[in-house]
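Fit chain D to the given chain F structure using the hints.
There are 2 protein chains.
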Amino acid sequence: MLRTHTCGELKMAHQGLDVKLSGWVQRSRDMGGLTFIDLRDRYGITQLVFNMEVNGTLCMEARKLGREFVISVNGKVAERSNKNPKMPTGDVEILVDNFTVLNISKTPPFTIEDNTDGGEELRMKYRYLDLRRNANKKNLELRHKMAIETRNYLSSLHFMEIETPYLIKSTPEGARDFVVPSRMNPGQFYALPQSPQTFKQLLMVAGFDRYFQIVHCFRDEDLRADRQPEFTQIDCEMAFVTQEDILNTFEGLAKHLFMSVLKMKMDEFPRMSYAQAMDLYGSDKPDIRFGMTFTEINELVKGKNFKVFDEAELVVGINAAGCSEYSRKQLDELTDFVKRPQVGASGLVYIRHGADGSVKSSVDKFYSQDDLAAILEKFGSKPGDLVLLLAGKREKTQTALGTLRLEMGKRMNLTTPGDFKPLWVIDFPLLEWDDETRRFYAKHHPFTSPAPEDIPLLDTDPGQVRANAYDLVINGVEIGGGSIRIHNKELQKKMFTVLGFSDEEAADQFGFLMNAFEYGAPPHGGVAFGFDRWCTIFGGGESIRDFMAFPKNNSGRDVMIDSPSAIKFEQLKELNLKIGL
Amino acid sequence: MLRTHTCGELKMAHQGLDVKLSGWVQRSRDMGGLTFIDLRDRYGITQLVFNMEVNGTLCMEARKLGREFVISVNGKVAERSNKNPKMPTGDVEILVDNFTVLNISKTPPFTIEDNTDGGEELRMKYRYLDLRRNANKKNLELRHKMAIETRNYLSSLHFMEIETPYLIKSTPEGARDFVVPSRMNPGQFYALPQSPQTFKQLLMVAGFDRYFQIVHCFRDEDLRADRQPEFTQIDCEMAFVTQEDILNTFEGLAKHLFMSVLKMKMDEFPRMSYAQAMDLYGSDKPDIRFGMTFTEINELVKGKNFKVFDEAELVVGINAAGCSEYSRKQLDELTDFVKRPQVGASGLVYIRHGADGSVKSSVDKFYSQDDLAAILEKFGSKPGDLVLLLAGKREKTQTALGTLRLEMGKRMNLTTPGDFKPLWVIDFPLLEWDDETRRFYAKHHPFTSPAPEDIPLLDTDPGQVRANAYDLVINGVEIGGGSIRIHNKELQKKMFTVLGFSDEEAADQFGFLMNAFEYGAPPHGGVAFGFDRWCTIFGGGESIRDFMAFPKNNSGRDVMIDSPSAIKFEQLKELNLKIGL
Numbered sequence: 001m002l003r004t005h006t007c008g009e010l011k012m013a014h015q016g017l018d019v020k021l022s023g024w025v026q027r028s029r030d031m032g033g034l035t036f037i038d039l040r041d042r043y044g045i046t047q048l049v050f051n052m053e054v055n056g057t058l059c060m061e062a063r064k065l066g067r068e069f070v071i072s073v074n075g076k077v078a079e080r081s082n083k084n085p086k087m088p089t090g091d092v093e094i095l096v097d098n099f100t101v102l103n104i105s106k107t108p109p110f111t112i113e114d115n116t117d118g119g120e121e122l123r124m125k126y127r128y129l130d131l132r133r134n135a136n137k138k139n140l141e142l143r144h145k146m147a148i149e150t151r152n153y154l155s156s157l158h159f160m161e162i163e164t165p166y167l168i169k170s171t172p173e174g175a176r177d178f179v180v181p182s183r184m185n186p187g188q189f190y191a192l193p194q195s196p197q198t199f200k201q202l203l204m205v206a207g208f209d210r211y212f213q214i215v216h217c218f219r220d221e222d223l224r225a226d227r228q229p230e231f232t233q234i235d236c237e238m239a240f241v242t243q244e245d246i247l248n249t250f251e252g253l254a255k256h257l258f259m260s261v262l263k264m265k266m267d268e269f270p271r272m273s274y275a276q277a278m279d280l281y282g283s284d285k286p287d288i289r290f291g292m293t294f295t296e297i298n299e300l301v302k303g304k305n306f307k308v309f310d311e312a313e314l315v316v317g318i319n320a321a322g323c324s325e326y327s328r329k330q331l332d333e334l335t336d337f338v339k340r341p342q343v344g345a346s347g348l349v350y351i352r353h354g355a356d357g358s359v360k361s362s363v364d365k366f367y368s369q370d371d372l373a374a375i376l377e378k379f380g381s382k383p384g385d386l387v388l389l390l391a392g393k394r395e396k397t398q399t400a401l402g403t404l405r406l407e408m409g410k411r412m413n414l415t416t417p418g419d420f421k422p423l424w425v426i427d428f429p430l431l432e433w434d435d436e437t438r439r440f441y442a443k444h445h446p447f448t449s450p451a452p453e454d455i456p457l458l459d460t461d462p463g464q465v466r467a468n469a470y471d472l473v474i475n476g477v478e479i480g481g482g483s484i485r486i487h488n489k490e491l492q493k494k495m496f497t498v499l500g501f502s503d504e505e506a507a508d509q510f511g512f513l514m515n516a517f518e519y520g521a522p523p524h525g526g527v528a529f530g531f532d533r534w535c536t537i538f539g540g541g542e543s544i545r546d547f548m549a550f551p552k553n554n555s556g557r558d559v560m561i562d563s564p565s566a567i568k569f570e571q572l573k574e575l576n577l578k579i580g581l
Numbered sequence: 001m002l003r004t005h006t007c008g009e010l011k012m013a014h015q016g017l018d019v020k021l022s023g024w025v026q027r028s029r030d031m032g033g034l035t036f037i038d039l040r041d042r043y044g045i046t047q048l049v050f051n052m053e054v055n056g057t058l059c060m061e062a063r064k065l066g067r068e069f070v071i072s073v074n075g076k077v078a079e080r081s082n083k084n085p086k087m088p089t090g091d092v093e094i095l096v097d098n099f100t101v102l103n104i105s106k107t108p109p110f111t112i113e114d115n116t117d118g119g120e121e122l123r124m125k126y127r128y129l130d131l132r133r134n135a136n137k138k139n140l141e142l143r144h145k146m147a148i149e150t151r152n153y154l155s156s157l158h159f160m161e162i163e164t165p166y167l168i169k170s171t172p173e174g175a176r177d178f179v180v181p182s183r184m185n186p187g188q189f190y191a192l193p194q195s196p197q198t199f200k201q202l203l204m205v206a207g208f209d210r211y212f213q214i215v216h217c218f219r220d221e222d223l224r225a226d227r228q229p230e231f232t233q234i235d236c237e238m239a240f241v242t243q244e245d246i247l248n249t250f251e252g253l254a255k256h257l258f259m260s261v262l263k264m265k266m267d268e269f270p271r272m273s274y275a276q277a278m279d280l281y282g283s284d285k286p287d288i289r290f291g292m293t294f295t296e297i298n299e300l301v302k303g304k305n306f307k308v309f310d311e312a313e314l315v316v317g318i319n320a321a322g323c324s325e326y327s328r329k330q331l332d333e334l335t336d337f338v339k340r341p342q343v344g345a346s347g348l349v350y351i352r353h354g355a356d357g358s359v360k361s362s363v364d365k366f367y368s369q370d371d372l373a374a375i376l377e378k379f380g381s382k383p384g385d386l387v388l389l390l391a392g393k394r395e396k397t398q399t400a401l402g403t404l405r406l407e408m409g410k411r412m413n414l415t416t417p418g419d420f421k422p423l424w425v426i427d428f429p430l431l432e433w434d435d436e437t438r439r440f441y442a443k444h445h446p447f448t449s450p451a452p453e454d455i456p457l458l459d460t461d462p463g464q465v466r467a468n469a470y471d472l473v474i475n476g477v478e479i480g481g482g483s484i485r486i487h488n489k490e491l492q493k494k495m496f497t498v499l500g501f502s503d504e505e506a507a508d509q510f511g512f513l514m515n516a517f518e519y520g521a522p523p524h525g526g527v528a529f530g531f532d533r534w535c536t537i538f539g540g541g542e543s544i545r546d547f548m549a550f551p552k553n554n555s556g557r558d559v560m561i562d563s564p565s566a567i568k569f570e571q572l573k574e575l576n577l578k579i580g581l
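From first to last, the protein sequence lines stand for chains F and D.
At position 537 of the first sequence (counting the first as 1) the number is 537 in the working numbering, and the numbers step up by one without a gap.
At position 548 of the second sequence (counting the first as 1) the number is 548 in the working numbering, and the numbers step up by one without a gap.
Hints are not guaranteed to be accurate.
Said to hold, decoys possible - Straight-line alpha carbon distances no greater than 30 Å define the calculated BS3-like cross-link-like pairs of lysine-lysine that follow:
no.	chain 1	residue 1	chain 2	residue 2
1	F	Lys138	D	Lys125
2	F	Lys64	D	Lys106
3	F	Lys489	D	Lys125
4	F	Lys443	D	Lys568
5	D	Lys339	D	Lys378
I should point out that these hints are in silico values taken from the structure, not numbers from a laboratory.
Isolated chain F, as found in the complex (with noise of 0.2 Å):
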């Protein structure tokens, strides 16, 4: 080894000891006689020093070495005089008696610090760089940490984890696939995978009643903000069990890491149905830091000949605690953010609910004062608060109030950093109606299998029929969600029926999977995680990439090796391929 310890290790009990360390020059100071070198390595950084009486000719060397500059030193561990109690190695130094220099460097193109100047596309182009900051190397301990514990959790309740193939067929389903054009049988494709579901499902189809998998899927999609081509789940699927013992199961695994990751012991998690998820938060991963839930009025505004509340599907609100007094600004401010195409309300209304006891609204001249005491005595709302209203469709505008909801929590700081609180989200509908393509789509996918309860209304009312899927959401974002399969061939077909496939197109794509239940299927579910998601809420970040060794930009490219790129045209010929239409 070129070290004998690291630069994250030395403490005063070494003091006296001759040690050999490397690592890269973090920054270096001379005062007069004296150079202090902070040298860097993975585990921490420690103080070198060079004293120009004790030996010129290596100070003077010293005084040569530039930022990032890779040295090995020899040297004899000292106390400090000037402590630096912030740093780990803070109470000693190195009283360095020779050092190598292994490598010379460039001064890079931003500084190597927590708060760097670099730009991100700049940072991205030398992602190695990049990665020598200590936020980015915390965000990766922090996801390996995250997968060894998942891996011996789920390994110690007999999970194997078993790798399916990569190099699958495409099934336009869904997402976009990414296809991979095969050299041994031209004109076919293989596609990589969105996820491995239908080899974990045909894995409990033999009999390995407990499978999981770390694994890359990948979509071909438009990149929207936090989305990238490639990413990491921890995908999961159990044979014999409910509902109930897949969501025991992996709250459990959830329970594991918030302790052995983050320390923190969690009660257990409440579940909310979706239904009263979109009643109460509008949104089906309810950020439940902070109440400010839904009330809704429709009883109480009807019939005034306000047309647009009469008019309206759902009058619905929030009550935002103690913001009586904000300005016609903000009040434009929040009416301007909820007409945003992206949130799609018509209007904002507002009721203030002075601290004196006043009350005063955007629609005065509709609702009498005693109206108005009605609708605020209905939100609970105390003086000092201030009552927003969205009306309109049912499912948008709860939506619409849902995203205000969350504005005004970031408004009024109602959360705290370090706080989770996870929750399932369960009983959602099985279908989705789209009014463009006019067919159903499956909500989660069209595995998932229909409440046995509901199975009937398949025929007669698809859009009722509830799904037997579950979401895990933290602090409203979605980290994973799954559901009961389907293991009945009759159950499946009929399920691609309604989805629109013609029998011939779901042989063709799934037969495989619907050839396999009929030899003895079990009962099966499972879940799948979105592990770079999960390491982000889990780091306080804010975006995947930053908990991603190698990230893609927006428009799916590598910046740093510069990919994807052109290949030869050799290349093409071998694969049977012509670009252009």
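Relative to the frame of chain F, chain D by itself:
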């Protein structure tokens, strides 16, 4: 849970307990008034009993259950009258109170038994049934155990598992890449990694001085016997280390796997130079479970008018102990064996050392009894032995004799199942000359560091340069290999030049790595193990396919899901691609 216990855990201690089991009907036997069913799950087999006298209806129902039906039973654990000591659950049986059919099964296309009647193709098509067989289940269990032990061991040594991307850049050096067309960047392609080599080196530049990853790799090669288009590596890299550190660290990993998976305590692994391995075993992955090493006899056979030997660069042989009585037919077989194109020898010379001390050879015409006696002495041959000689160009002859040695080892039964003889092969040549393309190729890969003392030879005699490279070999199988890497931009550039890259090509393909070397790249090196192969060796298997859940066949096809397959025209259009030239 649809069970209280698994089918592998009930013992006498559970006698009298009411239990619920779920699983598959392995077989069923009617014995007069009793019906016995073997119920199977992942954990074992438990015998169910139905008594016609006690409950005739239930017993009649049970007799309708076919092979591989999935059932759930309630019953009481009872002591068997006729115990089966071969089964872990053989002391007990379940007196069934009632059962539910969870799913029916068609008759499987082959028997779910250790010795199945299904051919390979059929089993691959129904892989989910094949995986129900004990042997396959055990293989995947072993694989899971190997993976988790590897992760925990390396983790305990502060290695971090870091996921590198699967969508990277095509680099035509090495094997053929699988490519992935980019929809968002028309005409451009990602490539699937042949290994995360450059990324792990960048992680070293980034300061993560101990990295590993169990990771899929992809090579679009024409598939030979035991190759798969995607396979799994244990990929590792360390910084601030010498070759010695790497060998010790990963010998530690190997010993840990031997101990934790096979319960075998291993001695220190021997090390052998590439030159020695070729000279003694005719292979860079010698099987040292048996001796029969090579003896070179150039000086004993030249100048006796036997043209074949006179013109040969090398005359070399092995002494097959106790084989002097090989028949004419057997010797002809061996001659045919070495003359096959895969072996490529032009003929085989033998010397029988008769049990009575007589000496008889196929070259008696050219060599006196004294000559032959001298040869036998050099071989240390004993009466009853058979000496087999090959002659020709040095390396080709060594390789051919190496193949013959392995064949003789097999015929002579010199290996014992369960015997493991690992070793490190070191001091590989850096480069390999290819006569056809008239250029050097990297023996390992272009990032391998030359031995420092040999660097001057790069200019004068590149073929003589030794690499800081090493392979781990177990029982004649290369389990993994690695090297100390180049960490200096100039040396890396020179290496690319030696390999025939123009400066532009090198910059285009590997510019990002060479740039990274300019910003403080530490000395580093690593190793990658073929995980599938390692599992196969440990599991005593023949083919890596048996240790993969869903392998592909020799045409790179997954016959179960029928992939690769045609994709829709719309998909091609979106990708701006056309099939055909």
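Tell me, which hint numbers fail for this structure?
1 and 2
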